[in-house]
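Protein chains in written order, with this note's numbering: chain A, 1 to 653; chain B, 1 to 653.
Hints were generated in silico from the structure; no laboratory data involved. Please note that the accuracy of each hint is not assured.
Copies of the same chain are indistinguishable here, so a pair counts whether it falls within one copy or spans any two.
[Stated by the list, open to error] The list that follows gives simulated cross-link-like pairs (lysine-lysine, DSBU-like), each with its CA atoms no further than 35 Å apart: (1) 336 x 367; (2) 418 x 441; (3) 403 x 643; (4) 457 x 416.
Number of protein chains: 2
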Amino acid sequence: MVPKDYPRVIIEAVHPQVDGGRFPIKRVVGEKVSVSADIYQEGHNKLAAVLKVRKTGTKKWQESPMTQGDNDRWYGEFSVTAIGRWEYSIEAYTERYLSWVDEITKKSVPGANLKSELLEGLVILRQSASEAKGKAQTRMNSIISAIESALAADDWHGAADLGIDSEMRELMAAHPDRSEGYELTPALGIMVNRPITRFAAWYEFFPRSQGPDPDRHGTLQDCIPRLREISAMGFDVVYLPPIHPIGYSFRKGKNNSLVAEPGDVGSPWAIGNEHGGHMALEPKLGTWDDWDRFVATCRELGIEIALDYVMNCSPDHPYVAEHPDWFFHRPDGSIKYAENPPKKYQDVYPLNFGTGDREGLWNEMLKVFLFWIDKGVTTFRVDNPHTKPVPFWEWVIGEVHRKHPEVIFLAEAFTKPKMMRLLAKAGFAQSYTYFTWRNAKHDLTEYVSELTHGEMKEYFTGNFFANTPDILPPILQFGGRPAFIMRAVLAATLSSVYGIYSGYELCENEAIPGKEEYLHSEKYEIKVRDWNGAPGNIVPIIARINQIRRSSPALQTYNDVLFLGSDNPNIIAYAKMNGDRSDIIVCVVNLDPFQTQASTIHIPLGTFGIHGDEQYEAHDLLSDERYRWGGPTAYVELSPAGKMAHIIKIRRA
Amino acid sequence: MVPKDYPRVIIEAVHPQVDGGRFPIKRVVGEKVSVSADIYQEGHNKLAAVLKVRKTGTKKWQESPMTQGDNDRWYGEFSVTAIGRWEYSIEAYTERYLSWVDEITKKSVPGANLKSELLEGLVILRQSASEAKGKAQTRMNSIISAIESALAADDWHGAADLGIDSEMRELMAAHPDRSEGYELTPALGIMVNRPITRFAAWYEFFPRSQGPDPDRHGTLQDCIPRLREISAMGFDVVYLPPIHPIGYSFRKGKNNSLVAEPGDVGSPWAIGNEHGGHMALEPKLGTWDDWDRFVATCRELGIEIALDYVMNCSPDHPYVAEHPDWFFHRPDGSIKYAENPPKKYQDVYPLNFGTGDREGLWNEMLKVFLFWIDKGVTTFRVDNPHTKPVPFWEWVIGEVHRKHPEVIFLAEAFTKPKMMRLLAKAGFAQSYTYFTWRNAKHDLTEYVSELTHGEMKEYFTGNFFANTPDILPPILQFGGRPAFIMRAVLAATLSSVYGIYSGYELCENEAIPGKEEYLHSEKYEIKVRDWNGAPGNIVPIIARINQIRRSSPALQTYNDVLFLGSDNPNIIAYAKMNGDRSDIIVCVVNLDPFQTQASTIHIPLGTFGIHGDEQYEAHDLLSDERYRWGGPTAYVELSPAGKMAHIIKIRRA
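Bound-form chain A, shown alone (with noise of 0.2 Å):
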């Protein structure tokens, strides 16, 4: 059987896509979108191809042409104008008119016959007239009449002019034929979220140390005065642990003791009591009244909430007795508490994804999501993803952002990479990453080109996270002051998106003996700081870091960070740009916290587009110090003693 029909143009190697397709690439807002593809044909025609987009859900496309460049390799790009889910496809076809041009212009020679070219062009030229409309037809039809005459008097050459003139081109141009086309299908996605996804400042803390006396549980009413000191050190989202009732059953104790003194608060991620379960406030922290007030000065802050999502149950939690069948169920008749042998977490009950109440179960999720954007919420930092089905997320995901494309989505996953990756493509926004864990130049030069340089840019921004409650990493714990300083420049000019969690600006490090845990873990117990006063506290330096990445575009873009070379290994040195290149910012960061290193890094001039013999003003936006470089070394010396990074605006006469 010869089949039906037949693509008439190849349109393969579309760049960027996901999967072949299967998952959108993801940008912000504004940002443009450049597509390149392989078109070609059998043959020796002309193609012609457009690039397509739309939002998703609206008929029309917006059509820019495409251009071609070598190997059959062609380019276009738009822009995204809107939040929400896009798509975009290319159309090619067989641009017989211009096929037509090129050939009757080969054959143009002085003494040739071209009436049947001539009469081959006016078929294409009918066909294209026919189909314009209003004064576009009418002069359409004027230039056939005066080739037709032409041709009558054997004036080929005159009449072929007249069908190559640069005015017939412009008329067909715009009105091709594209009966022998292809277009692809089905179109590839695009997930366009808010600017914010790819450039903020996090910051985590707990509420209910927010008191100032650790004997009282602190509430949302004590976290306002935070609010505004978190506001003045610059960040731009607060991410609040689980503010939701805490189960008593098995609630852990200080330290993640199996049994919790009277007194003790418990773990937030335990949730779920007779108050209610995560569509609950925690009674201790205030009414609703007081969270309204908290949103409220957030959003006088201009400070977004994140507010974690933890698929756990407290064994006291209400879904445990209204929904019995949403849990695991053992033999024994009783309900599988977490673990993850030989840890136990008995205080905590997984939800069963593939429960035969599926329809209930995960309807009941999206409601949490949907209840907490209604009260304010835009952010979800999302608990252990990787240990529930990932159609899940792409499904929830989904729902949410049907009624909310302004929602995102961050996959606390700390897990083998290729979960990682699939997570973000099935519509996680941001992703923590293994950053808090790379501090050898090599590894950080490694692990930042393959997110921001690779195929993961196009869906995968990572979230820098310096330490979390779970994780005070070994750098901290032994490398003191020097060792934060070094870390919150790496993970705030690293990454665009990055974070800490509370305590990390007073530097604490105390953690459990050979463990990468804190002691004394504000997830067991409420910790009451002195957070302006304390001795050694790097407030200024966050704060000063974070000024220099609201007024420095270049540290705002995710995308390409350029390792440049330097001479010693504990000296890591990067370039950060953005898009015109008229901000142009290089760091250089110390790794080594105990002792002094000093290296001669290179300067990609003809990147920056410096001349080799010309002085340009390096302006150390930290320490507000300006050097005076030129050529392509420079030569730098950082000390824990005194300044542990360089973030150096290039400044050029």
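Here the structure of chain A is known, so what remains is to put chain B in place on it, guided by the hints.
Leaving out everything else, chain B in the frame of chain A:
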């Protein structure tokens, strides 16, 4: 709407595959297919995966287990045991039993209460036992009873031991529960060809030139003694330019002149006259009986016949009268002849693949293939496939293969890289290559590496022609006999499939000045040569090369040509090895046909399995000279006056 179901296991990044499974990979019969994939799941369960393979059209899969490597990558392999289309897939599933074994093993510490875990295990064991049969079921039930007894006696460790014992593991491995699984769909395809697709020496000749007298049209009968000589030179395939009747209208004269003189024989590529078209034999070549004798002689000699397949018609072809709608018509009523301005081919009408009678034309083109297959042709060298729609090729090759999977298609597409690749993907088992123009060491290395190391090796087999009737490359025009030897060795050892066009062995190199076309091209006239007595001929060298190829398994492999370091850009060195490395060949070729060149070449002792201090024999199979080599380098010297190349077999003591 919650999705009805979802894949329980993720299977991604399956290798090999071509364009996400859009096209089949290619193998020859007996070859292994090594498959790998990323296979993973949320959470901590153990997984299992099986590789599945079957001949397309059959129902039953053959399965083999895959094994897990690092970073969620799984590996498996199978062999393809018959020619034709095959398909393969992967099924992966949660291994509930092994997950349980893992869990209970971790929990089985002294004093632990394992009752709940054992009850869970029994559910899994009973499920598999219920689906087992015969002795296995009896045995499983018996162990289950023993576990139940131990459990009743609170002998938890005893019960656990029975459940995780090697006997139970074997029984459970044979009766896995795949209910929580996912099977990759659609399956991926394989085109399995005959070994001659990957290992053959081709010889192209014009039957009409095989007579003793240039003034007499040679016949198929004249070819028979020539076939014996060609066979004696070691060729496996004879490739014949078209042998159909040749048109008279606008017949080209000698040296492609526009006007033929009386007696000029015309180009065989201008097919068709009153004696018939694509399914007729040029009467001057003989009768069908002569053809049958030609075929019989080939069979006797073990030579296969490749016929040129040319989709052109002369104006005198019967199709022109019978199916005028298969051609392109101009507005002036004439049929469009082939042209590529300013070049005109008035003796040839191209076919219009987009004709309204596509059903008629495409099926007729299929009929031509089937006709010649019936006449004993096993291979088609397809002329200019890149000027016809690729979907036609995919369809017609598929149709031929449904009845005749043994048939081989060679794409004569000297065109842009992407089209060459696409034609191979669409079904051409072999392709002409750019080898003909690659002379510099860097270019050869890069190109052959691209062909034999990267993705292309999954679907593209390069047939390395040293010359063709259309291409007398400059290196042969100017390099003379040393260049002919050098290029023959390169063609015959860089690829396992190679070819020459007759006259090569006589070092014929008279070109039209400034072009790479032969002067007095055989395309337009009959040429009679002294095949064995011509001075300077390289017949014995060609025969020797082919003999070496036949005796060396290493030279019969296509993939993974290993280039060796050499410190002289005019000396290229490379190794080929068979699968078990029992045959190791090192080729060293002087790329300079004018000067003696010497170089140290680097011997990868580790790859060859040779010890650092070992002496071994380097046996030059071309000259039959033997050298004693040792250590990681060897010195070679090659000269136009003496040897241009070594084909060295490495022999260990």
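How do residue 403 and residue 643 come out at 35 Å by Cα distance, when the copy is not named: within, between, both, or neither? neither (48 Å within a copy, 77 Å between copies)
35 Å Cα threshold - placement of residue 367 relative to residue 336: within (24 Å within a copy, 68 Å between copies)
Is it within, between, both or neither when you check residue 457 against residue 416 at 35 Å Cα-Cα? both (18 Å within a copy, 31 Å between copies)
Checking an output row: residue 418 and residue 441, CA cutoff 35 Å. Within, between, both or neither? within (24 Å within a copy, 40 Å between copies)
The structure fails to meet hint 3 from the earlier list, while all remaining hints are met.
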